[in-house]
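Enquirer: Residue strings, one per chain:
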Amino acid sequence: MSTATSPSASSPTTLRNAVIRLAGNSQDGIQSIGGILARLAGRTQQDVVTYMTIPSTISGGPSIFQLHLGSGEVLDAGDESDVLVAFYQHSYNDHLSALRDGGICFYDSGEVTEVKNDRGIHHIGIPFTAATVEAVGGSARDRGKNIFVLGLLCAVFQLDKEKIVGILSRQFGKKDESVLRNALLAFDAGFAYPIGDITTFNFEEGEHKDPHRISTDGNTIMSMGLIAAGVRYGSAYPITPWSSIMEILRSELPRYGGLYVQAEDELSAVSMTIGAAFAGHLAVTGSAGPGLSLKMEALSYASMAEIPLIVINVQRGGPSTGLPTSVEQSDLMQAIYGSHGDCPRIVLAPRDVEDCFYIALEACKLAREYSCPVIILSDQALSSRIEAFTEPDLDKHWVEPTLDLSDRGENFKPYPLDSVTRHAPPGTKIAGKYPHVTGLEHDEWGHPSGNPKMHQKMTDKRRNKLVALSNKLPLPEIYGDQEGDILLIGWGSTFGPIKESVNRLRAEGHKVGAAHLRHLHPMPAHLDRLWAKFKHVSVVELNDSGMYGYGQLATILRAAYAEPKIQSICKTDGLTFRIREIVTGVEKIMTAK
Amino acid sequence: MSTPTLEASPAAAPTQLSTPAAPGAEEKLTKKILTADHPTWCPGCGDFAVLAAFYKVLEKLQYPHEKIVCVAGIGCSSRFPYFMNTHGIHFIHGRALPLATGVSLSRPDVHVFVFGGDGDGFSIGGNHLNHAARKNIKLTYVIMDNYVYGLTKKQTSPTSPQGFKSKTDPIGSIDRPINPMKQLLASGATFIARTHAAQVKHMVDTFERAIKHDGFSVVECLSECVMFYEGSFDDSTPRKGGVYDIIDETQHDVKDDVAAFKLADLPSPGKFGVYYEVDRPTKNAMEQKWIDDTQSKLAGTSQKDLLKKRLEMMR
Chain P
8 MSTATSPSAS
18 SPTTLRNAVI
28 RLAGNSQDGI
38 QSIGGILARL
48 AGRTQQDVVT
58 YMTIPSTISG
68 GPSIFQLHLG
78 SGEVLDAGDE
88 SDVLVAFYQH
98 SYNDHLSALR
108 DGGICFYDSG
118 EVTEVKNDRG
128 IHHIGIPFTA
138 ATVEAVGGSA
148 RDRGKNIFVL
158 GLLCAVFQLD
168 KEKIVGILSR
178 QFGKKDESVL
188 RNALLAFDAG
198 FAYPIGDITT
208 FNFEEGEHKD
218 PHRISTDGNT
228 IMSMGLIAAG
238 VRYGSAYPIT
248 PWSSIMEILR
258 SELPRYGGLY
268 VQAEDELSAV
278 SMTIGAAFAG
288 HLAVTGSAGP
298 GLSLKMEALS
308 YASMAEIPLI
318 VINVQRGGPS
328 TGLPTSVEQS
338 DLMQAIYGSH
348 GDCPRIVLAP
358 RDVEDCFYIA
368 LEACKLAREY
378 SCPVIILSDQ
388 ALSSRIEAFT
398 EPDLDKHWVE
408 PTLDLSDRGE
418 NFKPYPLDSV
428 TRHAPPGTKI
438 AGKYPHVTGL
448 EHDEWGHPSG
458 NPKMHQKMTD
468 KRRNKLVALS
478 NKLPLPEIYG
488 DQEGDILLIG
498 WGSTFGPIKE
508 SVNRLRAEGH
518 KVGAAHLRHL
528 HPMPAHLDRL
538 WAKFKHVSVV
548 ELNDSGMYGY
558 GQLATILRAA
568 YAEPKIQSIC
578 KTDGLTFRIR
588 EIVTGVEKIM
598 TAK
Chain B
4 MSTPTLEASP
14 AAAPTQLSTP
24 AAPGAEEKLT
34 KKILTADHPT
44 WCPGCGDFAV
54 LAAFYKVLEK
64 LQYPHEKIVC
74 VAGIGCSSRF
84 PYFMNTHGIH
94 FIHGRALPLA
104 TGVSLSRPDV
114 HVFVFGGDGD
124 GFSIGGNHLN
134 HAARKNIKLT
144 YVIMDNYVYG
154 LTKKQTSPTS
164 PQGFKSKTDP
174 IGSIDRPINP
184 MKQLLASGAT
194 FIARTHAAQV
204 KHMVDTFERA
214 IKHDGFSVVE
224 CLSECVMFYE
234 GSFDDSTPRK
244 GGVYDIIDET
254 QHDVKDDVAA
264 FKLADLPSPG
274 KFGVYYEVDR
284 PTKNAMEQKW
294 IDDTQSKLAG
304 TSQKDLLKKR
314 LEMMR
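Listed in order, the protein sequences are those of chains P and B.
Residues 8 to 600 (this note's numbering) make up the first sequence, in order.
Residues 4 to 318 (this note's numbering) make up the second sequence, in order.
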């Protein structure tokens, strides 16, 4: 809330951006109203990035939903909040420290006892629960207190009431009539609640004039990307935070003539998916880190048998069961190297929610082109956070699914040494001998072969596909300074926070650039050109700096380029990077001698 | 780094799925056409007879050549696809059934045959057998059961009888073996039969019935490993003095799972033939019905427009 001044009873204060943190328990529906606010932002030309924590317990437990709303570009969920809404005493106690000095705290006066502070925080106690019960009536009890708070925030921030009511009507309209009625009663009660002499705020007009803006989370838009790319089949096993993709595909694919199967375990899921791929379809499986580990044997098979296959790994905190609902980027090594044998495969990572759509398109294109597994490394933060962005142009990106059953000639070979494998799926007439798809080392026809020269040739064939791809990939553009003090390198969901950190560091007078890798294996060739003109290089990633002081991508880059100036900024607290954490890390590297 | 020479070529044009394959293709399938690599099995292995029986069934059924798919996992018997001149895939240990499930569910026009041994089916892939069976996936699974791990040279298998001496059980196997018929009955398979590699005619008849069954059909086929468990099935081999006792279906109701369970309890060598056969809708059919019902409500809308509408809802 950069332009906010102290509250006064006068006219509304105009804001450029604001960070609102809702803190309660997971069953209170704070994600629901956070989602509504985020969707509203997308519909009013504003930018938004959200952030949430969800307990991994079945029901209950503290949970937060944070929104960063802005009229310009919003790159992160906000280091600290301008407004805190506390539903319980524990919410208040735990999150008051995340509220900036002079911020506003709304709390449920029936639950929370205010603590005196010297940080200029404005406390406004409102009986959320009691007022909701009064408005809705006894039978619904306090079930609508989240909607009450939504009404309250709508009034304080002078949000578009009509649009919110429209979203509520669509969300609750399909249920029993009384559900929508109660929701609107709760909303109106919150909207009309007398909040005393606090000022109201309104946002500057948004900069996003594109009428076709949508707002959604990463898992949802990645599912849409897969459908747009021609995926119609696949199989998976439920695991957080991957499950919502399989749920969406299971419900959606029959509309497109396809089918998504829930398998009995991760091994079966990847095997069924390879089966669908062998049968000639582009197919997708997915999981989180532990499930990817279980899929590893079959993934190695897909490299050997040269099967096009999409595998999505929505990373979470590890190792083992770890932190199922927290973010981490600690599966990079697993994605690239996690199977037995030398098994080349492609690894990509989306940089933000919007990119989840485009990375799915690219993964499908590459799997078709190179006939090998492609792993997409998303993460928990991307999976659930909501961002607003331009609606993808399907006229431009739509790919019709294909099944190539055209007749193959006398000399058809499944594994030719001089070109990329193009399998002949079952149903294809073969004029010569029928092909065998196999995980044994083989000759060009798929016959098992233990010939030493053949193993070397086939190893070369499988590797050279990726070498060819590497040489085709463009170098990522450098954001910010093209030369200078330090180049930050990132991958995956850290894109926004790194970019925002570059903005701050440059504003402080440092010469800083940032490059973000979407292709992690193979990487574009000649990456050293990126950092040639920078004094320092630091790889910013959400994983452990390990035995030797370098994160996973930093380790790979150091091994590939033997470049001692590559350093690391790493952390594993299960949370996304705060801007000040990156800025502090950079300052430490630049001052070290 | 060597110079990459591989260039991707454009994918071929799309082809429509034909309707499910029916007998009567233009090319007559013969054993000669169906024969591929010479089997790598040891001389005297029971699996040769299983292969010969399978050729015979395919000669009889005359499915279009290109619609036949052979799937296998790992083991001696799992080399089967290499010896068939049909579409074939040799997958990883224990996962042949899920792979075949993926083929069956996504390609209603092809005939899916799965081959494997007792290790693949009852040990490393045991869980998949349960789930493919309960889902009633349309395919035929032949388990060549030799009561021993042969490819890895004589370790105890899940069907090795107690007391069987192997390299992993030098004092004789301690663990109670799996009873394949009982396990399959409990799992929900809709066609369950037992046959013997030394009984070619019975094998051919049993395979044919299994293949014609609309659902998950599984045949346990005793197939002797002459290298590591010689004489294992002498008690069911008449020329070795045993008794080959075929189920009399006038006395056994194949729809009665309790009766089948009792049959499965008979001491070695037990009975051969169809233990259980029942009609239950396949997952293939039920999923297809969902797809058809869903699509009929959307008639006239292109797939691209469907997704466009979905995205518009996020505005």
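Incorrect hints may have been included.
In silico lysine-lysine, DSSO-like type, Cα no more than 30 Å apart, as pairs [stated by the list, open to error]:
{"id": "1", "chain 1": "B", "residue 1": "K311", "chain 2": "P", "residue 2": "K372"}
{"id": "2", "chain 1": "B", "residue 1": "K312", "chain 2": "P", "residue 2": "K420"}
{"id": "3", "chain 1": "B", "residue 1": "K300", "chain 2": "P", "residue 2": "K182"}
{"id": "4", "chain 1": "B", "residue 1": "K243", "chain 2": "B", "residue 2": "K258"}
{"id": "5", "chain 1": "P", "residue 1": "K168", "chain 2": "B", "residue 2": "K312"}
{"id": "6", "chain 1": "B", "residue 1": "K300", "chain 2": "P", "residue 2": "K181"}
{"id": "7", "chain 1": "B", "residue 1": "K312", "chain 2": "P", "residue 2": "K181"}
{"id": "8", "chain 1": "B", "residue 1": "K59", "chain 2": "P", "residue 2": "K420"}
{"id": "9", "chain 1": "B", "residue 1": "K312", "chain 2": "P", "residue 2": "K372"}
{"id": "10", "chain 1": "P", "residue 1": "K170", "chain 2": "B", "residue 2": "K312"}
{"id": "11", "chain 1": "B", "residue 1": "K311", "chain 2": "P", "residue 2": "K181"}
{"id": "12", "chain 1": "B", "residue 1": "K274", "chain 2": "P", "residue 2": "K436"}
{"id": "13", "chain 1": "P", "residue 1": "K436", "chain 2": "B", "residue 2": "K31"}
{"id": "14", "chain 1": "B", "residue 1": "K258", "chain 2": "B", "residue 2": "K300"}
{"id": "15", "chain 1": "B", "residue 1": "K274", "chain 2": "B", "residue 2": "K215"}
{"id": "16", "chain 1": "P", "residue 1": "K440", "chain 2": "B", "residue 2": "K31"}
{"id": "17", "chain 1": "B", "residue 1": "K215", "chain 2": "P", "residue 2": "K182"}
{"id": "18", "chain 1": "B", "residue 1": "K300", "chain 2": "P", "residue 2": "K436"}
{"id": "19", "chain 1": "P", "residue 1": "K168", "chain 2": "B", "residue 2": "K311"}
{"id": "20", "chain 1": "P", "residue 1": "K460", "chain 2": "B", "residue 2": "K156"}
Since the hints were derived computationally from the structure, they do not count as laboratory data.
Enquirer: Are the hints correct? Go through all of them and say.
Expert: Against the structure, the hints come out as follows:
{"no.": "1", "hint": "K311(B) x K372(P)", "verdict": "holds, 20 Å"}
{"no.": "2", "hint": "K312(B) x K420(P)", "verdict": "violated, 43 Å"}
{"no.": "3", "hint": "K300(B) x K182(P)", "verdict": "holds, 22 Å"}
{"no.": "4", "hint": "K243(B) x K258(B)", "verdict": "violated, 33 Å"}
{"no.": "5", "hint": "K168(P) x K312(B)", "verdict": "holds, 25 Å"}
{"no.": "6", "hint": "K300(B) x K181(P)", "verdict": "holds, 19 Å"}
{"no.": "7", "hint": "K312(B) x K181(P)", "verdict": "holds, 18 Å"}
{"no.": "8", "hint": "K59(B) x K420(P)", "verdict": "holds, 28 Å"}
{"no.": "9", "hint": "K312(B) x K372(P)", "verdict": "holds, 24 Å"}
{"no.": "10", "hint": "K170(P) x K312(B)", "verdict": "holds, 19 Å"}
{"no.": "11", "hint": "K311(B) x K181(P)", "verdict": "holds, 22 Å"}
{"no.": "12", "hint": "K274(B) x K436(P)", "verdict": "violated, 41 Å"}
{"no.": "13", "hint": "K436(P) x K31(B)", "verdict": "holds, 14 Å"}
{"no.": "14", "hint": "K258(B) x K300(B)", "verdict": "violated, 38 Å"}
{"no.": "15", "hint": "K274(B) x K215(B)", "verdict": "holds, 22 Å"}
{"no.": "16", "hint": "K440(P) x K31(B)", "verdict": "holds, 16 Å"}
{"no.": "17", "hint": "K215(B) x K182(P)", "verdict": "violated, 47 Å"}
{"no.": "18", "hint": "K300(B) x K436(P)", "verdict": "violated, 35 Å"}
{"no.": "19", "hint": "K168(P) x K311(B)", "verdict": "holds, 27 Å"}
{"no.": "20", "hint": "K460(P) x K156(B)", "verdict": "holds, 28 Å"}
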